[in-house]
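Trainee: Let chain A serve as the given structure and place chain B on it in line with the hints.
One letter stands for each residue in the lines below.
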Amino acid sequence: MEQIGSFALLLALALGIYSVVVSVLGARREKPLLQESGERAAIAVCLLITVAVACLVSLLLRDQFQVAAVSAHSNRALPLFYKFAALWSGQEGSLLFWSWLLSVYSLLVVVIYRRRQEASLAGLMPYVIAVLMATQVFFLLLNNLAANPFSIWADMSAGVPRLFLPADGSGLNPLLQYPLMVIHPPILYLGYIGFVVPFAFGMAALITRQKGERWIYTTRRWTMVSWGFLTCGVLLGARWAYVVLGWGGYWGWDPVENASLMPWLTGTAYLHSVMMQEKKGMMKVWNMVLVMGTYFLCIFGTFLTRSGVVSSVHAFAQSPIGPYFATYITLGVAFSAVVLVTRLDYLKSENQLDSFLSRESSFLFNNLILLAACFAVLWGTLFPVLSEAVQGVKITVGAPYFNKVNIPIGLFLLFLTGVGPLLAWRKTSLESLKRNFAWPIFIGGVATVVLAILGVRKLAPLVTLFLSVFVTATLMAEFYRGARVIRQKSQLGWVGSLVHLTRRNTRRYGGYIIHFGMVLIFIGIAGSAFNEEKQVEMAVGSAMEIGGFKLVCANIEQIDNANYAAGRAVIELYQEGKLVDRLYPERRFYKASRQTTTEVAIRPRPAQDLYVVFAGMADNGRDIVLQVFANPLVNWVWMGGFVVVLGTLTALLPNKAAEAIRAQAAEQARGERATRAESKHAIQA
Amino acid sequence: MMKPKTKFLVGGGIIVAVVVWLGLAGVRESKTYYVTIAELQAGDSAAFSKRLRVAGDVVNGSIRRDGKKVSFQLKQAEHLLPVVYVGTEPLPDTFVDGAQAIAEGRYQPDHVFVAKHIQAKCASKYEAAPPGAAQKAASVAE
Numbered sequence: 001m002e003q004i005g006s007f008a009l010l011l012a013l014a015l016g017i018y019s020v021v022v023s024v025l026g027a028r029r030e031k032p033l034l035q036e037s038g039e040r041a042a043i044a045v046c047l048l049i050t051v052a053v054a055c056l057v058s059l060l061l062r063d064q065f066q067v068a069a070v071s072a073h074s075n076r077a078l079p080l081f082y083k084f085a086a087l088w089s090g091q092e093g094s095l096l097f098w099s100w101l102l103s104v105y106s107l108l109v110v111v112i113y114r115r116r117q118e119a120s121l122a123g124l125m126p127y128v129i130a131v132l133m134a135t136q137v138f139f140l141l142l143n144n145l146a147a148n149p150f151s152i153w154a155d156m157s158a159g160v161p162r163l164f165l166p167a168d169g170s171g172l173n174p175l176l177q178y179p180l181m182v183i184h185p186p187i188l189y190l191g192y193i194g195f196v197v198p199f200a201f202g203m204a205a206l207i208t209r210q211k212g213e214r215w216i217y218t219t220r221r222w223t224m225v226s227w228g229f230l231t232c233g234v235l236l237g238a239r240w241a242y243v244v245l246g247w248g249g250y251w252g253w254d255p256v257e258n259a260s261l262m263p264w265l266t267g268t269a270y271l272h273s274v275m276m277q278e279k280k281g282m283m284k285v286w287n288m289v290l291v292m293g294t295y296f297l298c299i300f301g302t303f304l305t306r307s308g309v310v311s312s313v314h315a316f317a318q319s320p321i322g323p324y325f326a327t328y329i330t331l332g333v334a335f336s337a338v339v340l341v342t343r344l345d346y347l348k349s350e351n352q353l354d355s356f357l358s359r360e361s362s363f364l365f366n367n368l369i370l371l372a373a374c375f376a377v378l379w380g381t382l383f384p385v386l387s388e389a390v391q392g393v394k395i396t397v398g399a400p401y402f403n404k405v406n407i408p409i410g411l412f413l414l415f416l417t418g419v420g421p422l423l424a425w426r427k428t429s430l431e432s433l434k435r436n437f438a439w440p441i442f443i444g445g446v447a448t449v450v451l452a453i454l455g456v457r458k459l460a461p462l463v464t465l466f467l468s469v470f471v472t473a474t475l476m477a478e479f480y481r482g483a484r485v486i487r488q489k490s491q492l493g494w495v496g497s498l499v500h501l502t503r504r505n506t507r508r509y510g511g512y513i514i515h516f517g518m519v520l521i522f523i524g525i526a527g528s529a530f531n532e533e534k535q536v537e538m539a540v541g542s543a544m545e546i547g548g549f550k551l552v553c554a555n556i557e558q559i560d561n562a563n564y565a566a567g568r569a570v571i572e573l574y575q576e577g578k579l580v581d582r583l584y585p586e587r588r589f590y591k592a593s594r595q596t597t598t599e600v601a602i603r604p605r606p607a608q609d610l611y612v613v614f615a616g617m618a619d620n621g622r623d624i625v626l627q628v629f630a631n632p633l634v635n636w637v638w639m640g641g642f643v644v645v646l647g648t649l650t651a652l653l654p655n656k657a658a659e660a661i662r663a664q665a666a667e668q669a670r671g672e673r674a675t676r677a678e679s680k681h682a683i684q685a
Numbered sequence: 001m002m003k004p005k006t007k008f009l010v011g012g013g014i015i016v017a018v019v020v021w022l023g024l025a026g027v028r029e030s031k032t033y034y035v036t037i038a039e040l041q042a043g044d045s046a047a048f049s050k051r052l053r054v055a056g057d058v059v060n061g062s063i064r065r066d067g068k069k070v071s072f073q074l075k076q077a078e079h080l081l082p083v084v085y086v087g088t089e090p091l092p093d094t095f096v097d098g099a100q101a102i103a104e105g106r107y108q109p110d111h112v113f114v115a116k117h118i119q120a121k122c123a124s125k126y127e128a129a130p131p132g133a134a135q136k137a138a139s140v141a142e
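Going line by line, the protein sequences match chains A and B.
Reminder that position 680 of the first sequence reads as 680 in my numbering, one-by-one numbering, no gaps.
Reminder that position 57 of the second sequence reads as 57 in my numbering, one-by-one numbering, no gaps.
What the hints contain is simulated information worked out from the structure, not anything from laboratory work.
Glycine residues also receive a C-beta, built at the ideal position from the N, C-alpha and C atoms.
Where hints are given, some of them may not hold.
Facing chain A, from chain B, some residues (calculated, C-beta under 10 Å) [unchecked claim]:
| # | residue |
| --- | --- |
| 1 | V16 |
| 2 | A25 |
| 3 | V27 |
| 4 | L91 |
| 5 | V112 |
Now the in silico label distances, taken between C-beta atoms and shown as ranges [as the list claims (entries may be wrong)]:
| # | chain 1 | residue 1 | chain 2 | residue 2 | range |
| --- | --- | --- | --- | --- | --- |
| 6 | A | Q352 | B | A17 | 22 to 30 Å |
| 7 | A | K458 | B | A42 | 40 to 48 Å |
| 8 | A | A399 | B | E39 | 23 to 31 Å |
| 9 | A | V393 | B | A17 | 24 to 32 Å |
| 10 | B | V18 | A | K489 | 45 to 53 Å |
| 11 | B | V16 | A | I4 | 39 to 47 Å |
| 12 | A | P32 | B | A17 | 50 to 58 Å |
| 13 | A | K591 | B | A17 | 36 to 44 Å |
| 14 | A | R221 | B | V59 | 54 to 62 Å |
| 15 | A | P654 | B | G13 | 35 to 43 Å |
| 16 | B | K50 | A | R221 | 46 to 54 Å |
| 17 | B | G61 | A | G159 | 30 to 38 Å |
| 18 | A | L454 | B | D110 | 44 to 52 Å |
These stretches of chain A come out as covered by chain B in the derived footprint (C-beta under 8 Å, 3 or more residues) [unchecked claim]:
| # | region |
| --- | --- |
| 19 | 389-399 |
| 20 | 403-409 |
| 21 | 596-609 |
Bound-form chain A, shown alone:
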């Protein structure tokens, strides 16, 4: 089995190289057959990598521990579900998984676009394939040379290598034995890798010096889908940190977290600035830079996670793949820069900034701010590496740095979220500013004053609340204004009008829904300013108080099964003297990996989470150490995440008007074909 997988990967590498070469040759010499061959090679690469993945899954499921990637991430007692998930838990497996997802995306691109006869697309396709496959070749090189998932153990004690079969594997890292962690990597990877597609189309347009915005229209859905996955991936990672790691928070500015945030920031900037290009023909160079930046940050993110270049709490791997990534990123950036600079004349802006108070300028500020955030995060993440290179001392910066820079940036962004969509293109009059913003500012002000009177005295949360109410009010006003017009013209009720309104321009109103989701996330983050934390030693029967609750330790139990042994505390929760809930924080010892972990007990409520950690045993060996957090509003972050996904899905729906036009066009085409057929008949006759 491991031989089949290994050869499949080797063959895939050869075919990947072949595909790049013939696609480029086919395009330059205008040989359609060569181009076709390149496309078919891409399909074959997908099949071969699928075979390799199937081999590794089969090895994992059948406990074939002679394979290093299997014995390092699985063991006999591991539940079947996690044996499957072990595929993307280790470095080798997850790089293979990366390749596979990319090959599936490439397959989709080939299948969707190869039969399109439009000249504009046909000209791009060979280069699109070449870029996709060049990325693929890089990952296949890693799979074949640096991190082969089918490496087997050899016993060297006799001087000559002999096959060695370990009796059992060392098990899946217990921190990863959690359902969210099983779906987090695939979702995040789907986001990372999805951005390869817009990059490939952008590069192809640039290489062929194609004029117009064709590549942007073509890749809009791909970008949206990738962005949606990336957003989900980042939030799932935060959620996993919150539920599993047991330190009471969800974001620690860890290099691995930053690695997923950076492409999200540039991707978000790109999603906004393409509108400038579509509507006004502006910012063409900028969009190219953003799509390239996002692509390289995605590769860089994979590198940060997998190479251990910056020591991180959960960078589980330290391996020889670093130089490969460094080389690829350097060459790739250099190549892209050369292509961009030599073709600058094709990317001239068609319009100028007309007024400071305009939609255009709000987009410019939005981009500037997102990029500033990205640079700040990148700078902080790479600070140890940079300081070592420049000064010879390794210096790290911690959460205070990231918070200090990003909180003001985030608040300014929230402000733009409210203001931007209501500014008119070209120029906005002061009159319309007053009309649109007087009420939202008033409502926001009232809410802030009320909260201040209720005793909230911290600046950042108050500003966040003001902006959140302000943005929500502007969004509601937008929906209200649109729906009112429809309601007057049609027989529909309010709900019907809102649905109709959204379906007429899914992109705009889906975008608004996403903005509302971001508002919820901001409110959730602001809540963290009021977190409480206590650590106490508790015996059976003793009690403590936090966040309006009284916690009583009712019992301490022992659990034992094949996978782990555990101690479990039964904590009774009283509110105003009444028993409201029971929580069961656990402390597990996983037998295969010989690791201890905590199972956090969380009582989630919209207003406040109660978060109980079985932190350890007290010195007397009988009592337990309990760490309890009261985290207000943290659930708003996850709710906001759901709303963002909903908005993304809405924006992906085709517009109702567009559908009607397409149906009309199809009708017309059918009519034309019929006429042509008739005339053909007439000629033959």
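Mentor: Okay, now just chain B, sitting in the frame of chain A:
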């Protein structure tokens, strides 16, 4: 009346300046120096005033718990460093004898390292060999 482009450049310039200023302040507030135990013990008195980060292996049997204070020894290339942990968070589960640990805190003039944060990684990393055998991984493709 300024041109819109000039206005944007001024606005953008202000934003960039503010971000840079915040960044510099943030770095000053939270920068931490990575040092080796050998460098620490070489006797540079400037080390006492900085926030530091030291890595090493936890010496077997050296962990002593005394109420909330935990003391242990870190070992890096034959150099030993006594560490006292005084932080509020419970120590990570991975903090055991022989673990690779990173201690963050300050070096006291009495040559004890007082740590506010501890990170630890299991000595038997997940990528490590299965127990009971010393082997080298070989690829079938070779």
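Trainee: Compare the structure with each hint and give your call.
Mentor: These are the hints, each one checked on the structure:
1. V16: 7 Å, holds
2. A25: 6 Å, holds
3. V27: With a minimum Cβ separation of about 5 Å from chain A (threshold 10 Å), the hint on V27 of chain B holds.
4. L91: Holds: closest Cβ of chain A sits about 8 Å from L91 of chain B, inside 10 Å.
5. V112: 21 Å, violated
6. A:Q352 to B:A17: 22 to 30 Å: 25 Å, holds
7. A:K458 to B:A42: 40 to 48 Å: 44 Å, holds
8. A:A399 to B:E39: 23 to 31 Å: 25 Å, holds
9. A:V393 to B:A17: 24 to 32 Å: Holds, at about 27 Å.
10. B:V18 to A:K489: 45 to 53 Å: 47 Å, holds
11. B:V16 to A:I4: 39 to 47 Å: With a Cβ separation near 55 Å, V16 of chain B and I4 of chain A fall outside 39 to 47 Å, so the hint is violated.
12. A:P32 to B:A17: 50 to 58 Å: 55 Å, holds
13. A:K591 to B:A17: 36 to 44 Å: Given a distance of about 57 Å, which is not inside 36 to 44 Å, the answer is violated.
14. A:R221 to B:V59: 54 to 62 Å: Roughly 58 Å apart at Cβ, these two residues keep to the hinted range, so it holds.
15. A:P654 to B:G13: 35 to 43 Å: 42 Å, holds
16. B:K50 to A:R221: 46 to 54 Å: 52 Å, holds
17. B:G61 to A:G159: 30 to 38 Å: Distance hint for G61 of chain B, G159 of chain A holds at roughly 37 Å.
18. A:L454 to B:D110: 44 to 52 Å: At 49 Å between Cβs, range holds.
19. 389-399: Holds: 7 residues of the region 389-399 of chain A have a Cβ under 8 Å from chain B.
20. 403-409: holds (count 5)
21. 596-609: holds (count 3)
When held up to the earlier numbered hints, the structure conflicts with 5, 11, 13 and fits the remainder.
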